[in-house]
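Colleague: Assembling the complex is the task here: the two chains are given apart, and the hints tell you how they should meet.
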Amino acid sequence: MNKTDALIIGAGPTGLFTAHQLKLIGLDCEIVDNLDKIGGQCIELYPDKPIYDIPAVPECTGEELTNNLIEQLKPFDIRFHLKERVDEVKKEADNWLVKTNNGTTFLTPNVIIAGGVGSFEPRKFAPKECEKFENKSLFYSVKNKKVFYGKTVSIFGGGDSALDWAVELSKDCNVNLIHRRDEFRGAQSTVEKVYELVKAKKINLYTKYQMTKVIGSEKLESIEIKHDEGKTETLKSDYVLGFFGLIMQLGPIANWGLNIDKKTIEVDTEKFETNQKGIYAIGDICSYPGKLKLILSGFHEGALAARASFKLARPNEKYRFEFTTTSTNLLKRLGKKE
Amino acid sequence: MPKITYITHDKQKHTIEVQNGLTVMEGAVQNDIPGIDADCGGGMACATCHVYINDDWFDKLPIKEDGEEDMLDMAFEPKKNSRLSCQLIVSDDLEGLTVSIPSKQG
Numbered sequence: 002m003n004k005t006d007a008l009i010i011g012a013g014p015t016g017l018f019t020a021h022q023l024k025l026i027g028l029d030c031e032i033v034d035n036l037d038k039i040g041g042q043c044i045e046l047y048p049d050k051p052i053y054d055i056p057a058v059p060e061c062t063g064e065e066l067t068n069n070l071i072e073q074l075k076p077f078d079i080r081f082h083l084k085e086r087v088d089e090v091k092k093e094a095d096n097w098l099v100k101t102n103n104g105t106t107f108l109t110p111n112v113i114i115a116g117g118v119g120s121f122e123p124r125k126f127a128p129k130e131c132e133k134f135e136n137k138s139l140f141y142s143v144k145n146k147k148v149f150y151g152k153t154v155s156i157f158g159g160g161d162s163a164l165d166w167a168v169e170l171s172k173d174c175n176v177n178l179i180h181r182r183d184e185f186r187g188a189q190s191t192v193e194k195v196y197e198l199v200k201a202k203k204i205n206l207y208t209k210y211q212m213t214k215v216i217g218s219e220k221l222e223s224i225e226i227k228h229d230e231g232k233t234e235t236l237k238s239d240y241v242l243g244f245f246g247l248i249m250q251l252g253p254i255a256n257w258g259l260n261i262d263k264k265t266i267e268v269d270t271e272k273f274e275t276n277q278k279g280i281y282a283i284g285d286i287c288s289y290p291g292k293l294k295l296i297l298s299g300f301h302e303g304a305l306a307a308r309a310s311f312k313l314a315r316p317n318e319k320y321r322f323e324f325t326t327t328s329t330n331l332l333k334r335l336g337k338k339e
Numbered sequence: 005m006p007k008i009t010y011i012t013h014d015k016q017k018h019t020i021e022v023q024n025g026l027t028v029m030e031g032a033v034q035n036d037i038p039g040i041d042a043d044c045g046g047g048m049a050c051a052t053c054h055v056y057i058n059d060d061w062f063d064k065l066p067i068k069e070d071g072e073e074d075m076l077d078m079a080f081e082p083k084k085n086s087r088l089s090c091q092l093i094v095s096d097d098l099e100g101l102t103v104s105i106p107s108k109q110g
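So the protein lines, in turn, are chains A and B.
Here this note's numbering is used: the first residue of the first sequence is 2, the next is one more, and so on.
Here this note's numbering is used: the first residue of the second sequence is 5, the next is one more, and so on.
Next comes chain B alone, as it looks inside the complex (with noise of 0.2 Å):
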């Protein structure tokens, strides 16, 4: 299973593995990781799962789907490098993925 490093705002890093398959939100949540809400379950809906992916991530991921981009206009400080985690599924290629959880969701 993919290790997921997840830096809360404390700068504390939680390390877990996470099943394949499952989204880089439901990772953190099941896992009680603080900061990341998924006020909507996961649907694209209420950008409360907002992390930011660390620089050399970036790049790698899958690119934004249609309205990924117009949901973070909503996220609590946005910033170049934001991604919604209910969008990044896991895989064996996210290996090592490293994100931040912003100091609130809204």
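Chain A with its partners taken away, still in its complex shape (with noise of 0.2 Å):
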């Protein structure tokens, strides 16, 4: 069990500065995040693409934002969890007892969700049946590839990931490529290697096709997929890979008794507050009226639900406003004063 002053979910750009601001008045932070790296929809969604309207900074990347806000961090020492989601998250007494998916649990007063759109999740088959062998011969990603070793895979996607996996894995394995269209958005460079394993033989190519059957009882055994033009195909298959990137799933978020109006939590403007009193939403996933989803709305609605978790976390406390250029006590905590 690990007890906190304040568990942050998400760790993007407003979960990053909402741990910043935690810190700075002394109060202790943990971050959870599903992906399996920090900075949100930032890193996720959006590395390359220049943001011109963070304050003070007039051009930056998704990523560079991300490395600037990891940076601010380095006088703090921030517990990440990362690649975990929280799945529950209940009263007990004056505290919540949070819990992920993979098993850890938080004991908090304060709990700031900074969630997004919710967490990343793989996307998934169009065909219903795929579920029933989702995890057993259809993954939508890799975990051990040895499982592989000598069967017939095939693999669907456009992407780095497909393609990445398409040319390791026909190494050692009967490898089918399928993908929608004839052009691929991977590197260049494992493009061509595609092309020249598929001039070799060493991988099966169909592309303008898409899945429309996943066929076997217990076990998969083939699998249908269908051309632009109407015509099927079946493909004997061990297992199945599909990689069309990630979707931002609310999630278990709905299951907390938080008031949720279009995939957003209501929130008060003074604490960023939900309906349940230690439970705060900052970022895009809080609404309020005139609510703006902009990074520098998250940064200012951290600093305030920062603030009022301090109430809750140290309630035999007062808590002082104070400036970094001036207090002896931020100075200290930031590391530039003994």
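A few of these clues could be false.
Simulated crosslink set (SDA-like; lysine to any residue; CA at most 25 Å straight-line) [claimed, not checked]:
#	chain 1	residue 1	chain 2	residue 2
1	A	263	B	49
2	B	68	A	186
3	A	144	A	131
4	B	68	A	51
5	A	133	B	47
6	A	232	B	74
7	A	292	B	47
8	A	133	A	152
9	B	83	A	225
10	A	50	B	93
11	A	333	A	144
12	A	125	B	37
13	A	129	B	47
14	B	83	A	130
Treat the hints as calculated values from the structure; they're not laboratory data.
These figures come from a predicted structure and were not determined experimentally.
Modeller: Next up, the structure:
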């Protein structure tokens, strides 16, 4: 059980700056995020796209913004729990008991939801029957490539993940690569490698095809794919891999008793508290009259939620507002003064 | 203001006047048409505003910019007439445009 003054859900820009604000005013915090890296949408959706509306930063990419926020957190010791999704938030006396899908638990008076549009989950195949085989013979990521050795693997997608795995698995497996069009968005060098392997008959390439059916009772036996022009093919397959990127799902947040409308959580604009005492929502996931989905708004909301958290984490102390330019306390926390 | 018709997955037709300059995505979101999520807010970064364009309209629309086809790779059940509605800017030329919304966005 991890005890902390505040648990932040979401390691995007809003979550990161809120951690800074919490640590600055002397509170502990930990951060959980479902992605395998820090940065949220900035890093997952637009790492290379320039952003022009961060105050005093004329231009920076999603990746640069993330790196700067991480840099700003350097004076502080913050525990990140990546690749974990918060599943449960339950009241326990004056605290919230929080549980992740990996079984990590937290006890905290303050839960700050900075979850963007929800957690990133893999996009799935359209046919409903695919669920039956999921995590048995149909996967959206590779955990142990050895299970595929000597087998027939049908890989779907046109980006780097699909192409990299097609190249890698072609060494030890019979690989079908299936994509909805005849252009790939993966790195040029990988695309060339794929075409070489297709020529050498190490990869069977099917373009302008999409999956229509998975066939098999207990075990997956084959899949049916359909060409743009209507022709179908049946491919014997032991395993299927789908790489269609990630999508954001609100997921378990919907079950925590919060007022949710159109995938956003209602908050007040003093503390950014939800209808549950000690649970706050900030950044893109919160809504209030006049809400703007800008990174700068997330920073403001986080700063206020951090101050509100102080009252519940330190009920017997009084919070005093201080400036980083002059306060010895703050400068000490920032490591700028002995 | 041009009228745009959105056909939701349950075959319901919603015809709405959308202001010039807005995107077809914004027209749907601002008028509570269900089925267009637009998670990234119009940045061509998420493929959750995916629509199918009715046959008679597909070739009349401005062609796809770089990157739109790449994002459509990730859309749910993309077809030849798929577009991202955040990339379609409403103008008088789009008067009468009809788009169909897929069963889900991902």
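Colleague: Output the indices of the hints that this structure fails to meet, ascending.
Modeller: Hints 5, 11 and 13 contradicted; others consistent.
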